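Colleague: Next come the chains, spelled out residue by residue.
Protein chains: 2
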Amino acid sequence: MEDNRYCVIMAGGVSSRFWPFCRADRPKQFLDLLGIGRSLLQSTYDRFASIVPKDHIFISTHEQYVNWVMEQLPDVPRERILAEEQRRNTAPCVAWAAYHIRSIDPNATMIVTPADHLVLQEELFRKAALKGMDFVDETPSLLTLGVKPTRAETEYGYIQVEGASKGTIQPVKTFTEKPNRELAQVFVDSGEFFWNSGIFIWKVQSIIAAIRTYLPEIYSRFETCVDSSGHIDDSLVHKQMSACPIISIDIGIMERATNVYVLCADFGWSDIGTWGSLYHLSQKDANENAVLCGRASCYDSRKNIITTSNNKKLVILDGLEDYIISDSENVLLICRKDEEQRIRQFVNETKNRFGNEYI
Amino acid sequence: MEDNRYCVIMAGGVSSRFWPFCRADRPKQFLDLLGIGRSLLQSTYDRFASIVPKDHIFISTHEQYVNWVMEQLPDVPRERILAEEQRRNTAPCVAWAAYHIRSIDPNATMIVTPADHLVLQEELFRKAALKGMDFVDETPSLLTLGVKPTRAETEYGYIQVEGASKGTIQPVKTFTEKPNRELAQVFVDSGEFFWNSGIFIWKVQSIIAAIRTYLPEIYSRFETCVDSSGHIDDSLVHKQMSACPIISIDIGIMERATNVYVLCADFGWSDIGTWGSLYHLSQKDANENAVLCGRASCYDSRKNIITTSNNKKLVILDGLEDYIISDSENVLLICRKDEEQRIRQFVNETKNRFGNEYI
Numbered sequence: 001m002e003d004n005r006y007c008v009i010m011a012g013g014v015s016s017r018f019w020p021f022c023r024a025d026r027p028k029q030f031l032d033l034l035g036i037g038r039s040l041l042q043s044t045y046d047r048f049a050s051i052v053p054k055d056h057i058f059i060s061t062h063e064q065y066v067n068w069v070m071e072q073l074p075d076v077p078r079e080r081i082l083a084e085e086q087r088r089n090t091a092p093c094v095a096w097a098a099y100h101i102r103s104i105d106p107n108a109t110m111i112v113t114p115a116d117h118l119v120l121q122e123e124l125f126r127k128a129a130l131k132g133m134d135f136v137d138e139t140p141s142l143l144t145l146g147v148k149p150t151r152a153e154t155e156y157g158y159i160q161v162e163g164a165s166k167g168t169i170q171p172v173k174t175f176t177e178k179p180n181r182e183l184a185q186v187f188v189d190s191g192e193f194f195w196n197s198g199i200f201i202w203k204v205q206s207i208i209a210a211i212r213t214y215l216p217e218i219y220s221r222f223e224t225c226v227d228s229s230g231h232i233d234d235s236l237v238h239k240q241m242s243a244c245p246i247i248s249i250d251i252g253i254m255e256r257a258t259n260v261y262v263l264c265a266d267f268g269w270s271d272i273g274t275w276g277s278l279y280h281l282s283q284k285d286a287n288e289n290a291v292l293c294g295r296a297s298c299y300d301s302r303k304n305i306i307t308t309s310n311n312k313k314l315v316i317l318d319g320l321e322d323y324i325i326s327d328s329e330n331v332l333l334i335c336r337k338d339e340e341q342r343i344r345q346f347v348n349e350t351k352n353r354f355g356n357e358y359i
Numbered sequence: 001m002e003d004n005r006y007c008v009i010m011a012g013g014v015s016s017r018f019w020p021f022c023r024a025d026r027p028k029q030f031l032d033l034l035g036i037g038r039s040l041l042q043s044t045y046d047r048f049a050s051i052v053p054k055d056h057i058f059i060s061t062h063e064q065y066v067n068w069v070m071e072q073l074p075d076v077p078r079e080r081i082l083a084e085e086q087r088r089n090t091a092p093c094v095a096w097a098a099y100h101i102r103s104i105d106p107n108a109t110m111i112v113t114p115a116d117h118l119v120l121q122e123e124l125f126r127k128a129a130l131k132g133m134d135f136v137d138e139t140p141s142l143l144t145l146g147v148k149p150t151r152a153e154t155e156y157g158y159i160q161v162e163g164a165s166k167g168t169i170q171p172v173k174t175f176t177e178k179p180n181r182e183l184a185q186v187f188v189d190s191g192e193f194f195w196n197s198g199i200f201i202w203k204v205q206s207i208i209a210a211i212r213t214y215l216p217e218i219y220s221r222f223e224t225c226v227d228s229s230g231h232i233d234d235s236l237v238h239k240q241m242s243a244c245p246i247i248s249i250d251i252g253i254m255e256r257a258t259n260v261y262v263l264c265a266d267f268g269w270s271d272i273g274t275w276g277s278l279y280h281l282s283q284k285d286a287n288e289n290a291v292l293c294g295r296a297s298c299y300d301s302r303k304n305i306i307t308t309s310n311n312k313k314l315v316i317l318d319g320l321e322d323y324i325i326s327d328s329e330n331v332l333l334i335c336r337k338d339e340e341q342r343i344r345q346f347v348n349e350t351k352n353r354f355g356n357e358y359i
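Residue numbers (the numbering used here), protein chains in the order written: chain A, 1 to 359; chain B, 1 to 359.
Some hints here could point you the wrong way.
[What the hints assert, rightly or not] Each pair of labels, with its calculated beta carbon distance range:
#, chain 1, residue 1, chain 2, residue 2, range
1, B, 75, A, 71, 27 to 33 Å
2, B, 303, A, 163, 56 to 62 Å
3, B, 285, A, 259, 23 to 29 Å
4, A, 63, B, 35, 21 to 27 Å
5, B, 286, A, 25, 51 to 57 Å
6, B, 352, A, 54, 37 to 43 Å
7, A, 251, B, 276, 40 to 46 Å
8, A, 345, B, 303, 29 to 35 Å
9, B, 75, A, 24, 53 to 59 Å
10, B, 71, A, 341, 53 to 59 Å
[Claimed, not checked] Reference listing, derived: stretches of chain B covered by chain A, where coverage requires no fewer than 3 residues with Cβ under 8 Å from a Cβ of chain A:
#, stretch
11, 80 to 88
12, 304 to 313
13, 333 to 345
Since the hints were derived computationally from the structure, they do not count as laboratory data.
Model, not experiment: these values are computed from the prediction.
Note that CB positions come from ideal geometry on N, CA and C, so glycine has one too.
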């Protein structure tokens, strides 16, 4: 492994779409969603431990989750956890990680990844990541991993590339966030579009240069935290971050910069962003019921997805088809699978009625 | 109130039909099923406290539930709780109570009632009970309170009387336990049939004489526990009871004795024996959902009955109609209302798969 390569796992998100299975104090990345014995964060860590040196892996998260991270990743010392006090979306988060790593190695190359995605073909992924890092080492660029779409998914972002073919690295032509069904189908049929995995590769110098150009407020705030040799004083960061604009790295940089490339890959990827995708990925019984956590006895019941907050909880179903049954400590949700987009509404109305007790 | 009148509340039953709302360690009589702020046992106690002197009320139960009784009825001292070590159905239970009360007052009249029934018209009930006690004081008889049927219920026992009319006391012609739908309808239409409420009135002398005649084994076992003056030594009872035949007072005595009468009454009675009857009796929201315990937000959902083991648990329903949703600590049941007769099967299969963990 190259000594100048670093990984940042972003593990600070809240996942209200999976409420109440995921709660504000226990978001998706810390759960073993697929029943494999490792949380999504742990699986992500394992994946990158074969790509960069283990002690080059940083975890970016919210301070609320530091204990989760330390418990799940005992190999990661506290100083490699970048804990934010407030949520400012991904651009300030990436900026901090880039400045922090640049302090350690001004020539560093970094790969940034969400903590809560699934990769089925780890070896293909590893090869793509290494290829991407080789590329940015030679070409001052901002690279994103694109995934060959397998369906007209409306929940993903799409990246258009000219003359796309798997394995190649191409300049990005356009970004389109969450197209409607018809447009998504056109994208897939055209062969020119890849899903935006949200996994980015760049040299710290390149991303800091892009922040300077496209997010000057964030740039100047972080510049107040570094000394003349470029070394960051992390103790100054919180105050500056709390004043940073709330903006994603996609909107703030990737959709605006001119040196953005995509590595067109195919490694069995999912962001596990919906109950539908989770159901799709989960093991199912003979009646196509997926029991993620807990025990279940299903009578005249098919195609349900069942989660509990406790492996010992027993769920008895009679006469249900195509439902989400998610039992948490103090919340039970029973919702038709094809209505899962309403869960955000349920969360909001619950918040309005009861405050944060159930969130 | 007459000094020789006593009440025995039978509070030892297990109610597997309401599983998992009711559990082996928390049966129906100890729950506030109707959300009135008093458990069924407490409501029953309140009802009889206006019929017999308070310190003449005895609670018959299983030793497993003694703490429940003492907690819910702090006025009842331990010595008025008759706690069985084993379940032998109602005949041995009634025998013990009769012998015990006879020791206190050989001339006693007793009224025996299940702890878990509902009476809506308390004053009519009180009048019926007093009338019944006056009757058995004059006529050596075994009296049951009959309830004018309002529907062709198949879960109740029916008592046929000749020339029945409300308010009268008549000899019983026949008993029929749980007729099928057609027969139940014939019974109701005939006007000759009343529901057997399971509430009995007799002098202790009369019931002990009947036990001697119809259940001689139980009689002779209890006779070994009394001294020459007829005083019972309760410490000897457990051993004898554990050898008694398991038999109900209905089958052992009422269906065989020749001096059985019924008081034909109508006081808004239910044994709350099914989820259907509980739903029927419960308060409902605008969409006819009944939330017995817990909080609920119902979207596109109608005619469900929801219980939790915790007033703070929140249940979110989307797209459910005519279901039972019963969440207990470690069991969640979701079952169509019209399939509730299968709950016994679910309980048995759960016991076979997991032992008593969930029962």
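Colleague: Among the hints numbered above, which are violated by the structure, and what are their numbers in rising order?
Modeller: 1, 3, 4, 5, 6, 7, 8, 9, 10 and 11
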